[in-house]
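With the sequences and hints as input, model every part of the structure.
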Amino acid sequence: MCRWAAYHGDPLYLEELVSSPAHSLIEQSHCATRAKTATNGDGFGIAWYGDRPEPGRYRDILPAWSDCNLKSLARQIRSPLFLAHVRAATGGGTRRDNCHPFTHETWSFMHNGQISGFERLRRPMEAMLDDELFNARSGTTDSELMFLLALQFGLREAPIAAMASMVGFVEDLAENTIGSILLRFTAAFSDGNTLYAIRYATDRKAPTLYASPVGAGYCLVSEPLNDDVDAWAEIPDGSAVTVGKNGINVADFRPENRSVAKLQPLAASA
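Note that UniProt numbering has the sequence shown beginning at 1, numbered continuously upward.
Please keep in mind that the hints were generated in silico from the structure rather than gathered at the bench.
Where hints are given, some of them may not hold.
[Claimed, not checked] Have a look at the derived ranges for each label pair, beta carbon to beta carbon:
hint	residue 1	residue 2	range
1	D227	R156	37 to 45 Å
2	L182	Y13	32 to 40 Å
3	S72	T106	37 to 45 Å
4	P124	D230	42 to 50 Å
5	R254	E105	23 to 31 Å
6	S138	D51	24 to 32 Å
7	P236	E54	31 to 39 Å
8	N69	V229	29 to 37 Å
9	R204	E256	12 to 20 Å
10	Y13	A233	20 to 28 Å
11	D203	V229	21 to 29 Å
Note that the Cβ used here is the ideal one computed from N, Cα and C, for glycine as well.
Structure below.
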């Protein structure tokens, strides 16, 4: 499983999450404490928002602990909203376009989790994408494909509802194709104005998610960045988190049932 951290609030240097804390994201890349795998060395990435609508992004296949450029960038870049990720691959090769965060237009997305039986589901999932989103796919991971499906299902207009539609579609597809469902999904995503996160799993074993105030903002993380356990609140399984100008809000998250039989592929010729 992967580890990630995201922040929204007054501008903050990326190093405050990525490299400076005692249990920073770089530290978690080789010594995670609340994951099945302690090492997350299959690449890393950061996406941040500044003066332009679309996010900047830096990704590489090197382990985060061995890339000196990452520490330098994190020390110099200051942003009011950013996402950072270290990868432990569960599917898809170790290549740059499989590293999170993924971006499209103003949106950024990163994920920790997996779809069981993804290789049997990949093609019908891709078939639901229109030509624009199908052609935007550059990697081979289930994470990127779920992001593009959420865009297909209305992420731009209703972010949480689109994620509920996407998860419901994947669950229904798995039930119809494989006869069973196992989806674990802890993700963060943003349009540059609001930070969102989902923690959900069909078996109630979703990857961990914690929240804490940091400076004049809020941080969402896979695991706490320091030993001050009282500062970090665990987000319950089955939750949707919204971090915006009015602070943080946690609500119930449930997939929207979408019958695969009623959905027609949008890009059959792709």
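Structure-based check of all given hints:
1. D227 with R156: 37 to 45 Å: holds (40 Å)
2. L182 with Y13: 32 to 40 Å: This hint holds: roughly 39 Å between Cβ atoms.
3. S72 with T106: 37 to 45 Å: At roughly 26 Å between Cβ atoms, T106 and S72 fall outside 37 to 45 Å, so the hint is violated.
4. P124 with D230: 42 to 50 Å: holds (46 Å)
5. R254 with E105: 23 to 31 Å: Between R254 and E105, where Cβ atoms are some 27 Å apart, the hint holds.
6. S138 with D51: 24 to 32 Å: Distance hint for S138, D51 holds at roughly 26 Å.
7. P236 with E54: 31 to 39 Å: holds (33 Å)
8. N69 with V229: 29 to 37 Å: Roughly 32 Å apart at Cβ, these two residues keep to the hinted range, so it holds.
9. R204 with E256: 12 to 20 Å: holds (19 Å)
10. Y13 with A233: 20 to 28 Å: Holds, since Y13 and A233 (Cβ atoms, about 24 Å apart) stay within the stated range.
11. D203 with V229: 21 to 29 Å: Because 26 Å falls inside the window, the suggested range holds.
Checked against the numbered hints given earlier, the structure breaks only hint 3 and satisfies all the rest.
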